Amino acid sequence: MSNTKIRRLTIARAMAEAIQQEMQSDPRVFVMGEDIGALGGVFGNTRGLLEEFGRERIRDTPISETAFIGAGVGAAQDGMRPVVELMFVDFFGVCFDAIYNNMAKNNYFSGGNVKVPMVLMTSTGGGYSDAGQHSQCLYATFAHLPGMKVVSPSNAYDAKGMMIAAIRDDSPVVFMYHKGLQGMGWLGTEAAATVDTPEQPYQVELGKAKIVREGSDVTIVGLAMGVHNALKAADKLAEEGVNAEVVDLRSLVPLDRETVISSVKKTGRLIVVDEDYQSYGVSGEVITSVVEHDYSLLRSGPKRVAYPDVPIPFARHMEQFCLPNADKIVAAFHAM
Amino acid sequence: MTKTQRNRFQKGQNTMLISRETKLWMYKTMLLSRRFEETIEQIYLEGKTPAFNMANGPIPGEMHLSNGQEPVAVGVCAHLNAEDIVTATHRPHHQAIAKGVDLKRMTAEIFGKQTGLSGGRGGHMHIFDTNVNFGCSGIIAQGMGPACGAALSRKMQNKPGVAVSFIGEGAVNQGAFHESLNLAALWCLPVVFVVEDNAWGISVSKQDSTAVARNDVRAAAYDMPGHFVENNDPLVIYKVAGDAIDRARSGGGPSLIEIETFRLAGHFMGDAEAYRPDGEKAFLESKDPIPAFRKILLAEGTTDVALDHLKDQVEEQVSAAIAFARESAYAPAEDALTQVFAQGEYHE
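In the order they appear, the protein sequences are chains X and A.
If you read the first sequence in our numbering, its first letter stands for residue 2, the second for the next number, and so on.
If you read the second sequence in our numbering, its first letter stands for residue 1474, the second for the next number, and so on.
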């Protein structure tokens, strides 16, 4: 890998590069979705692909999510490897049958004879006053339903490696990218998501969490934007002499419970950060994983910093009041 | 004259050109489907009398029979090869049999046995046979998008094959119907949509659910040919479906066909069918397409002996499939935890 070129990429560019490289090496890979052609994706993740591959393999679709996600399923079952974009995850309400009854169940209902090697990429997250039909994360809704892998990267390196792994996976993968991490200035982007990314294709294994900061006093678990909030909280806690360990889940399905449990074994304290709705979600699942394994690992009650169970409001101060942030994580630690 | 009307007038009614071999295949396949379902119907009731409990007996769960609708399946599938794709519905047996799905393994699947097509995970509403590219979904109209995708796949790979998506007349008011028709026409996909109009969406009649009397007119909205076939006639269905499938195969794009058929049974077994007008059932039974087809074949010179011989073959096939299913073992219950993902991975 000595001749590998390393550049700093945004997640948007890393995703586009991953798709581009897979399309160059595998003629079965193609992209379908709304505004993924000439526009290059509303969130930049297919930029440049139309110019290189043309309209046959970079297919702008009508606004018909039920039809084109269903078509993704049919094409995948017939031997193609479609990458299908659901522009905002919030739009799943108009097309969920194609996703959870067809895409996610056909492998099972066929006894493993029908494979659905499809990537459904979709944007998540708020923080820019788009209100509750364009700002949700909904990670847990997808992760709750069996048969699809669910991943959400926090930085460009992981985004590229996970997208390549997702395209090569024989199971359907829901690739959830956070709008605030895309590197699109107009969305108030998180700069720390733009990182060094090798030009050569590589994979980041799905289902593996990563310890992104080592510590011994408390484990802070998050994904996507939550990881960045956790890292900022860890910096603040360090000023108080508290050593926080930060775990980036990266995948919700499969969920790397072992890495979380190992970390809590070391720290004895657990905070879960989640921008999805609090109840019945990621935070409950992660905490339960630890407690079921061995409840004596915890030296104090676990905490969660998640989105309250309310629709996401428009007004900036109201939305910011609801969103997880570093200060809330620090406060959660102090309350332990 | 609209394009749709023009197509209707061009529709050939001359069914004399259909080969005797094809007609006999159609008759035999209709009979196979009917005898299969009559047998399933009997077995389904085992353990469910005197008190009907859907969960009991060797075949638990819902059971949607297609008795009466066989002409649609054979008239369309007579034009299909193993490589062609079919997406079917919650009422899939006649289509599966006509497409050549492995009858033994399908029967075992209906019984929930290990030798079933998916080892008992799917059951009667989730029949998948990759050898003949057959699949179905229990959700109304939701096979249409996947049919478009399979057709797109063939087109992009420049591989032969067309997709046929069967739906019921109750599916035409789903978003998936309109979205898929638009997508198929927009991308000129080799797909044919076949509406089996059995007049009832469970208990709600077509006229009480649909603003147009005939759904073939809706094809005009998507600039594709629309065809309507009256009277559940297998030979006319064969002709019309053949035109549409040829068109799709030769790159001409999608078509929509609505076929007037009827179900002789209820929506599912256990349906009291109180919604049917008095006398409807008896009237439909008098129009049973299988004896009617037999009459035609006899009139054309096929002998009783030859047709009885086909019936014997069918009985043998059904008996063998049922025996296979009954004699097969159940998979270990823990198999429920496998095949969630490709390669059988299960993630706790």
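Calculated from the structure, these hints are not laboratory results.
Where hints are given, some of them may not hold.
Estimated spans, in silico, between C-beta atoms of each pair [stated by the list, open to error]:
#1 ASP1681/A x ALA193/X: 53 to 63 Å
#2 ASP295/X x LEU1810/A: 32 to 42 Å
#3 ILE1675/A x GLY269/X: 53 to 63 Å
#4 PHE1741/A x GLY186/X: 55 to 65 Å
Keep in mind that this is a model prediction, so the values were computed, not measured.
All residues carry an ideal CB built from backbone N, CA and C; glycine is no exception.
Violated hints, by number in ascending order, as checked against the structure: The structure conflicts with hint 2 only, although it agrees with all the remaining ones.
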